[in-house]
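Given these sequences and hints, build the entire structure.
Chains as they are written, first to last, in my numbering: chain U, 148 to 259; chain R, 1431 to 1549.
Bear in mind the hints are in silico, worked out from the structure with no lab data behind them.
Estimated spans, in silico, between C-beta atoms of each pair:
| id | chain 1 | residue 1 | chain 2 | residue 2 | range |
| --- | --- | --- | --- | --- | --- |
| 1 | U | Thr217 | R | Thr1460 | 32 to 40 Å |
| 2 | R | Thr1443 | U | Asp201 | 43 to 51 Å |
| 3 | R | Val1504 | U | Ser226 | 40 to 48 Å |
So the derived list for chain U, only partly shown, Cβ under 7 Å to chain R, looks like this:
| id | residue |
| --- | --- |
| 4 | Gly190 |
| 5 | Leu191 |
| 6 | Leu193 |
| 7 | Thr244 |
| 8 | Gly245 |
| 9 | Lys246 |
| 10 | Phe249 |
| 11 | Gln251 |
Backbone N, C-alpha and C define an ideal beta-carbon position, used for all residues, glycine too.
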Amino acid sequence: GNSVTQMEGPVTLSEEAFLTINCTYTATGYPSLFWYVQYPGEGLQLLLKATKADDKGSNKGFEATYRKETTSFHLEKGSVQVSDSAVYFCALSRSNTGKLIFGQGTTLQVKP
Amino acid sequence: GAGVSQSPSNKVTEKGKDVELRCDPISGHTALYWYRQSLGQGLEFLIYFQGNSAPDKSGLPSDRFSAERTGGSVSTLTIQRTQQEDSAVYLCASSLAAGLAGARGNEQFFGPGTRLTVL
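Okay, here's the thing in structure tokens:
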């Protein structure tokens, strides 16, 4: 079946450090891939997405590239800020209903 | 404009009681989804509505769980005879249309969730 695996957290970084959160997926066909973010006390928000192989999604300095050959969609940011502290979820959608299948979530804590 | 709203924000109940959780989607959104976020299971899909019908109920964990949607708008998730393992945050999301989530216009917007605690 379809599934998403992402690196376990928490991830603790100093401000301005480079961030990578790994995400790999298992799916039939060609899923759409997403990163969602949940800031403390807030609801889930779409951060970025990619709908086909080699697409790069980007938003707020975050990037992720859809790699079909390695079935990965790793999230990266060159210089994190304290305000990036949140829980990040990798997700895929394969069904024509649009339902999302999420990874376990990775907590990021950025210290000043 | 208004986003997805859910009520109550917190619900504490005793084991064996029934609970109802409400979701008000964004106006005009025809697709509505319920998810559950729990410590042991992560974030998992429960049910999908297109209009008032639910073509995908595959994520409902047992027959104690049911959901309905009326007028193509408000949805209610009902849990009967609650158990401690039902404790979780229940999230609702809506999107403009059904179809692949990555397609233009089909982004899912999430509500703040209802935190359910079963004692």
